[in-house]
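Here are the chains, one letter per residue:
There are 2 protein chains.
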Amino acid sequence: MTSPVTRPEFNPPGFEDVLAARERIANHVHRTPVMTCATIDGMAGASLFFKCENLQKVGAFKARGAANAIFGLDEDEAARGVLTHSSGNHGQALAWAAGRRGIPATVVVPSSAPAPKKAAMRGYGARIVECEPTSAAREATAASLAEETGATFVHPYNDARVIAGQGTCVLELLEQVPGLDAVIAPVGGGGLVSGCCITLRAQSPETLLYAAEPTGADDAYRSLAAGRVLPQEDPRTIADGLRTGLGDLTWHFVSRDVEAVLLATDAEIVSAMRLVWERMKLVVEPSAAVPLAALLSDPGRFEGKRVGLIFTGGNVDLERLPFTPG
Amino acid sequence: MTSPVTRPEFNPPGFEDVLAARERIANHVHRTPVMTCATIDGMAGASLFFKCENLQKVGAFKARGAANAIFGLDEDEAARGVLTHSSGNHGQALAWAAGRRGIPATVVVPSSAPAPKKAAMRGYGARIVECEPTSAAREATAASLAEETGATFVHPYNDARVIAGQGTCVLELLEQVPGLDAVIAPVGGGGLVSGCCITLRAQSPETLLYAAEPTGADDAYRSLAAGRVLPQEDPRTIADGLRTGLGDLTWHFVSRDVEAVLLATDAEIVSAMRLVWERMKLVVEPSAAVPLAALLSDPGRFEGKRVGLIFTGGNVDLERLPFTPG
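As given, the protein sequences belong to chains L and H, one line each in that order.
In terms of the numbering used here, the first sequence opens at residue 38 and continues consecutively.
In terms of the numbering used here, the second sequence opens at residue 38 and continues consecutively.
Next comes chain L alone, as it looks inside the complex (with noise of 0.2 Å):
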């Protein structure tokens, strides 16, 4: 028996499934503003253009991936409900698009995941089962609620519903900003960064796509240099949103279509952070601020470019702020 909370098969989505995420989470999300700065493009001697989806539903654009697994389930899956594992964004945006549709929702997180962002999840109404902090312990748990309720499971970023749905992220972008000479995603699990190859080469092929990640976790750059997927090991950044690694879905994009994988240090990250919250006035969590922090760390890069980057998210704990003088 194939083990439910394993994809059975192989199946990248395409830009089709793109632009039907597009028309089935249209009611439930936000179209996102695009910001710009013009003391920030001083610095970076360029021209940026950010997609703000920090002020998305859950603070995160996590919510189009999962409005879109939600919203596809037939009545029968439905009633059976859905099952994650995630301490993140993922879970909350789960959780929200299933309390939005009506139905169970069940995450799986660790029990070392701050109480906080469990109180978040059940708020949307979902049920919270723990584990142990471990990746056996957690696969394990979800297996077994699968069997149990029949619940169909949505990985956070190696599911084709959620890749689909993230693609609508830089298919609005690429509507309010023309001619972009290359985007910036972070990348994670992949699942953003996935959907952003789908409709850039699909509606913008000469536009370049790239990855931005945390030096501290920077399997999706050694994956690239090697040619095949290399497990994130023992990732340390403050980047919390961007420690999972590769699955091989998003591999599948990855491999294909980023021109390279740009590395910013926790220093960098946080200094980047800052600049958006003190000049733009924008709540941006860690994970949301690499890219940025790439850019400035290499701007010879992109010089006089018009560059799209993707504010993925603005949820952090306000009592355990970065910004501590020295």
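Keep in mind the hints are simulated off the structure, nothing from the lab.
The C-beta atom is built at its ideal place from N, Cα and C for all residues, glycine as well.
Zero decoy hints are in this set.
Okay, the calculated bits of chain H under chain L, using three or more residues with CB under 8 Å as the criterion: (1) 91–97; (2) 317–330; (3) 347–359.
Pairwise CB distance ranges, derived in the manner of DEER restraints: (4) L:Ala263 / H:His67: 39 to 49 Å; (5) L:Gly187 / H:Ala75: 24 to 34 Å; (6) H:Gly82 / L:Gly162: 17 to 27 Å; (7) L:Asn64 / H:Gly337: 29 to 39 Å; (8) H:Met80 / L:Gly162: 15 to 25 Å; (9) H:Asp218 / L:Glu212: 26 to 36 Å.
To give an idea of the chain L side of the interface with chain H (calculated C-beta under 10 Å), a few residues: (10) Ala75; (11) Cys89; (12) Gly96; (13) Glu315; (14) Leu319; (15) Val320; (16) Val321; (17) Val353; (18) Glu356; (19) Phe360.
We have chain L; now place chain H onto it with these hints.
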């Protein structure tokens, strides 16, 4: 001889001055977006529309009044430069606008002003002159500088050009959101509220105008109750932009058109500010959160209404935020 830092005559601006200001500053300031938040609407039991002047140039609506004053100077006046006293957003705004026109600006700041604020004004090209932190020292220093330089004094709020400039904010809001039942603006010196009075009276007289004030700096509340301007004595509030008192010009408008002054405690202000950061992902300064804080402390008054609230600014010291636990 009339003191150069006192207006020689009482000259309240009219709506034609607001329209002229809009024309004059159009190429210099942002038409800021209006944002909404379903969660906060739910808490308020009303439809709230937030005019995001925290996203304005220099991070505050003050850019409007300053730009109107600066770009309204004739060539001779401009050549002699401008002068003000302010340790806050007006000082930055005047420095910025003067820099844009390429004319000298001098800002008198109390020696107690935070170093980053002085650095920001210098960054825009202004000359900073420090004085003892008393109003007598401030007036004397400004008067002597005015005599020395022949610069035009631009008061932070008790100035017809500044008031007319601030009136453009709610003019945009009315275009962006038709059918507002009420507008709530923070009141410190009253420049923004005065501009709102002029524009609402001319364009939407059925929209009620409320001023919102910290309980620890409640001179406008007490003045309206007394029927005459009472001084701001020993203000104690986290809302540093609202520690000033009304002037004769702003009292003219506040006493004429403000429906009521609403109050909020510092605890309510911090709580509202946190709500905006967490749910709207916008950096707003304490003063900017006062209207929402006041509304949420007395929601019955606005139940079911369409209410415009002005997020006046987003300039905060990220190293000293009030979101400490407990």
